[in-house]
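*Asks:* This is what each chain is made of:
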Amino acid sequence: MFGKGLIKGLGITGKHLFNRKVTEFYPEQKPVLPPRTRSSMYLDVPKCTACGICANTCPNNVITITSGKDENNKRVLTGYTMDTGRCLFCGLCTEACPSKALHTTTEFENAVYVKDELLWDMMKKYKADASKQEEGKDNG
Amino acid sequence: MLRTDEIQINIGPQHPSTHGVFRMLANLDGEVVTKVESKVGYLHRGMEKLAESRTYPQFIPYTDRLDYLAAIAANIGYVQTVEKLMGVEIPERAEYLRVIFFELQRIASHLIAAGTNSSDLGGMTPFLYAMADRERILDMFEMTIGGRLTVNLPRIGGIIEPPEEFWPALKKFVDDLPGMIDEFNGIITGNEIFQARTKGVGVLSKELAEGLSITGPVLRASGVKWDVRKNAPYGIYDRFDFEVPTGENGDCFDRFVVRLREMEESGKIIRQAMRDIPEGPTFAKVAKVVKPPVGEIFHRVEGVRGEIAYYVVSDGSTKPYRLRLRGGSFINIQMLHHVVPGWKFADLIAILASLDIVLPECDR
Ligand code: SF4
Ligand code: SF4
Numbered sequence: 001m002f003g004k005g006l007i008k009g010l011g012i013t014g015k016h017l018f019n020r021k022v023t024e025f026y027p028e029q030k031p032v033l034p035p036r037t038r039s040s041m042y043l044d045v046p047k048c049t050a051c052g053i054c055a056n057t058c059p060n061n062v063i064t065i066t067s068g069k070d071e072n073n074k075r076v077l078t079g080y081t082m083d084t085g086r087c088l089f090c091g092l093c094t095e096a097c098p099s100k101a102l103h104t105t106t107e108f109e110n111a112v113y114v115k116d117e118l119l120w121d122m123m124k125k126y127k128a129d130a131s132k133q134e135e136g137k138d139n140g
Numbered sequence: 001m002l003r004t005d006e007i008q009i010n011i012g013p014q015h016p017s018t019h020g021v022f023r024m025l026a027n028l029d030g031e032v033v034t035k036v037e038s039k040v041g042y043l044h045r046g047m048e049k050l051a052e053s054r055t056y057p058q059f060i061p062y063t064d065r066l067d068y069l070a071a072i073a074a075n076i077g078y079v080q081t082v083e084k085l086m087g088v089e090i091p092e093r094a095e096y097l098r099v100i101f102f103e104l105q106r107i108a109s110h111l112i113a114a115g116t117n118s119s120d121l122g123g124m125t126p127f128l129y130a131m132a133d134r135e136r137i138l139d140m141f142e143m144t145i146g147g148r149l150t151v152n153l154p155r156i157g158g159i160i161e162p163p164e165e166f167w168p169a170l171k172k173f174v175d176d177l178p179g180m181i182d183e184f185n186g187i188i189t190g191n192e193i194f195q196a197r198t199k200g201v202g203v204l205s206k207e208l209a210e211g212l213s214i215t216g217p218v219l220r221a222s223g224v225k226w227d228v229r230k231n232a233p234y235g236i237y238d239r240f241d242f243e244v245p246t247g248e249n250g251d252c253f254d255r256f257v258v259r260l261r262e263m264e265e266s267g268k269i270i271r272q273a274m275r276d277i278p279e280g281p282t283f284a285k286v287a288k289v290v291k292p293p294v295g296e297i298f299h300r301v302e303g304v305r306g307e308i309a310y311y312v313v314s315d316g317s318t319k320p321y322r323l324r325l326r327g328g329s330f331i332n333i334q335m336l337h338h339v340v341p342g343w344k345f346a347d348l349i350a351i352l353a354s355l356d357i358v359l360p361e362c363d364r
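These protein sequences, in sequence, are chains R and S. Just so we're aligned, residue 1 is where the first sequence starts under this note's numbering, counting upward by one. Just so we're aligned, residue 1 is where the second sequence starts under this note's numbering, counting upward by one.
Think of the hints as simulated: they come from the structure by calculation, not from any bench. Predicted model only: the values in this text are computed from it and were never measured. A portion of the hints provided could be inaccurate.
Said to hold, decoys possible - Chain S side only, calculated, beta carbon under 7 Å to chain R, not exhaustive:
no. : residue
1   : P61
2   : E89
3   : A132
4   : E142
5   : G147
For glycine and all other residues, C-beta sits at the position ideal for the given N, C-alpha and C.
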């Protein structure tokens, strides 16, 4: 009978209407992303030995490292920037880091208004984060 | 009958029905298409040239960006090519994991194909259901490697071990898969309007399909039983028991149905892989600096939209001397010129939808 298929389809749609809702009400409701999610980068500055392996692994020259020598003639990190406008978030750099200083995070709200803000200063980011944690400790 | 002047109209490159940035120039006589020209290249990024300035592992994330709906297919094809060139054997467990992820990706992509096919013909609801079902696959990718579309999953010499919570999610998905396909059959395949728009429309004959080197579900819908997984098995595909679904008429309807049946077969493969997967490491011992010997290699896999083939020439350095790649979409588009003339304008959209092209793979 013509129309049987249509009615069956409508029945399926009707069933879905009363099923559990799957839509998330972002931004009121924030999704919890799995720990391996590669959506942002974080550099644990004290762990970094400024070896430059991450910068060499990157297919797009996202990472720029500058280093200097401290009083014991040991190499120290002086600057670490990531031009995230070019970053593929492929995770090759974090996998390559021998001291596990660079890692991905689940922070995903990375949109910015101006292009210059895509240039992340990872040392600044670390400091801001550290001071935030300090504040948290003082208050709590 | 009243004759009208032919007019030429431009469709795309930005048009939801062209599945990306595909442009067509169609000559119309009234509502009948008399000639169609396809214009590709709006998304050309020079992938083959880019490969020459990247090291072998660095090119893996680029293969993600060939076909954003089936990144893992291109990923696995590429790493297998390099492994073949280097003569690397990967552990059993890694082989099984690759099969599982490959087939999951096939299901995810075919879900989109089924959904967009229906939405192009005016049925928006199934598209949203397809998206919801596919979300579960993307969640599995995300928990394993952290990416959803551009996953960058395998590495030369192996694949990352999925976390604990992956296996229950996979089991649940595979169990629910037949239900999902039934739902699609109920809501689209059995729908009389869908059938009227697709049955007998855009028939691609067996001879023409073979003559144009069309591959993938489009070829199989025309009745040619050709699947690289069966005819020239790569990896461990020779260990699995599955059917190669084919169509009879080669029309839009068959192309749609073949994809749904392929999803069932992929589910079957995943179930067998889950049963047989051994414990063990997932990485072979490969030097940190990948330096294949001087030589050249050709390797192909059954991608989601057709065969994906890589041809790599190595000069013994860390970067490919030349890399050539073939994707299904570019070659499958060729059928439009032959099949579309004579059909109505609305049928052109139906035919294009049933081809399931994706433009980054076509333009590279
Ligand atoms: S994620 Fe990839 S593209 Fe981004 S900095 Fe790391 S290696 Fe480079
Ligand atoms: S690889 Fe790790 S330790 Fe070396 S420079 Fe990069 S972040 Fe620092």
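*Asks:* With reference to the structure, classify each hint as holding or not holding.
*Replies:* Results for each hint:
no.	hint	result
1	P61	4 Å, holds
2	E89	22 Å, violated
3	A132	6 Å, holds
4	E142	6 Å, holds
5	G147	6 Å, holds
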